[in-house]
Amino acid sequence: KAGVTQTPRYLIKTRGQQVTLSCSPISGHRSVSWYQQTPGQGLQFLFEYFSETQRNKGNFPGRFSGRQFSNSRSEMNVSTLELGDSALYLCASSLSPGGSSYNEQFFGPGTRLTVL
Amino acid sequence: KQEVTQIPAALSVPEGENLVLNCSFTDSAIYNLQWFRQDPGKGLTSLLLIQSSQREQTSGRLNASLDKSSGRSTLYIAASQPGDSATYLCAAGATDSQGGSEKLVFGKGTKLTVNP
Numbered sequence: 001k002a003g004v005t006q007t008p009r010y011l012i013k014t015r016g017q018q019v020t021l022s023c024s025p026i027s028g029h030r031s032v033s034w035y036q037q038t039p040g041q042g043l044q045f046l047f048e049y050f051s052e053t054q055r056n057k058g059n060f061p062g063r064f065s066g067r068q069f070s071n072s073r074s075e076m077n078v079s080t081l082e083l084g085d086s087a088l089y090l091c092a093s094s095l096s097p098g099g100s101s102y103n104e105q106f107f108g109p110g111t112r113l114t115v116l
Numbered sequence: 001k002q003e004v005t006q007i008p009a010a011l012s013v014p015e016g017e018n019l020v021l022n023c024s025f026t027d028s029a030i031y032n033l034q035w036f037r038q039d040p041g042k043g044l045t046s047l048l049l050i051q052s053s054q055r056e057q058t059s060g061r062l063n064a065s066l067d068k069s070s071g072r073s074t075l076y077i078a079a080s081q082p083g084d085s086a087t088y089l090c091a092a093g094a095t096d097s098q099g100g101s102e103k104l105v106f107g108k109g110t111k112l113t114v115n116p
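Protein chains in written order, with my numbering: chain A, 1 to 116; chain B, 1 to 116.
FYI, nobody ran anything at the bench for these hints, they're computed from the structure. Please note: incorrect hints may appear among the correct ones.
[To be verified] Straight-line alpha carbon distances no greater than 20 angstroms define the calculated SDA-like cross-link-like pairs of lysine to any residue that follow:
id : chain 1 : residue 1 : chain 2 : residue 2
1  : B       : K68       : A       : K57
2  : B       : K111      : B       : K68
3  : B       : K108      : B       : E15
4  : B       : K42       : A       : L88
5  : A       : K57       : A       : P97
6  : B       : K108      : A       : S100
7  : B       : K42       : A       : S101
8  : B       : K108      : B       : A9
9  : A       : K57       : B       : K1
10 : B       : K42       : B       : A10
11 : B       : K108      : B       : R61
12 : B       : K108      : A       : Q41
13 : B       : K42       : A       : T114
14 : B       : K42       : A       : F106
15 : A       : K57       : A       : E75
16 : B       : K111      : B       : V20
17 : B       : K1        : B       : G71
18 : B       : K108      : B       : P8
19 : B       : K68       : A       : E104
20 : B       : K1        : A       : Q41
21 : B       : K111      : B       : N18
22 : A       : K13       : A       : R63
23 : A       : K57       : B       : Q2
24 : B       : K111      : A       : K57
25 : A       : K13       : A       : L83
26 : B       : K111      : B       : T74
27 : B       : K108      : A       : R112
28 : B       : K1        : A       : S100
29 : B       : K42       : A       : T5
30 : B       : K1        : B       : K111
31 : B       : K108      : A       : Q37
32 : A       : K13       : A       : Q37
[As the list claims (entries may be wrong)] Away from chain A, derived, C-beta distances all over 10 angstroms, residues of chain B:
id : residue
33 : S24
34 : S46
35 : S53
36 : D84
37 : A86
38 : K108
All of these numbers come straight from a predicted model, not from anything done at the bench. From the three backbone atoms N, C-alpha and C, an ideal C-beta is built for every residue, glycine too.
Throw the hints in and build the complete structure from the sequences for me.
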């Protein structure tokens, strides 16, 4: 069974640009969550999608947005990039939505975003 | 607001030693607790999931315990090997009391080095 895949693996952008990251969950998983990982803040929750609906959202500005398609694939968009957006962006998929004790999350390899 | 702490931040042991990694959380109202391993520059690998009603889980040389009343979880690694060298992260499944978000709240991790 294929794991969670993320594309692209690496991105270099300049301030002010926008970027779209993609995540394909494990087959059969309907929940996709996104996290930002930085050396200073560690792993922080961005948002979760389940059955094409955003269920949960972390404390990030509106420049960070996402969506989920009918095949459960998800995209994350960051507009007007800032230097502080440089990070490893990880997505995770699970069978059940957040809040369930069965909610075991499986992570992809991440997309390394560098903003110059 | 849920906070997760992992102590120590780094640990170095000789091969073959049994070791314990610690994780503490401030709010006992969690729906699960998950342990992950992260290799440098890579995504997270799920090791063990403990549901809120469970006290421990075992997988091979790994055993994780959960004590919600004291806000603690431990990951026990038996007969450590150089291949166990990685950063170990614990994450508590929690509901944000302010925003209502259900999400994993991560500790900063313990970097483990097992010396041959």
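- Which of the numbered hints above does this structure break? Of the numbered hints, 1, 2, 3, 6, 7, 11, 24, 30, 34, 35, 38 do not hold.
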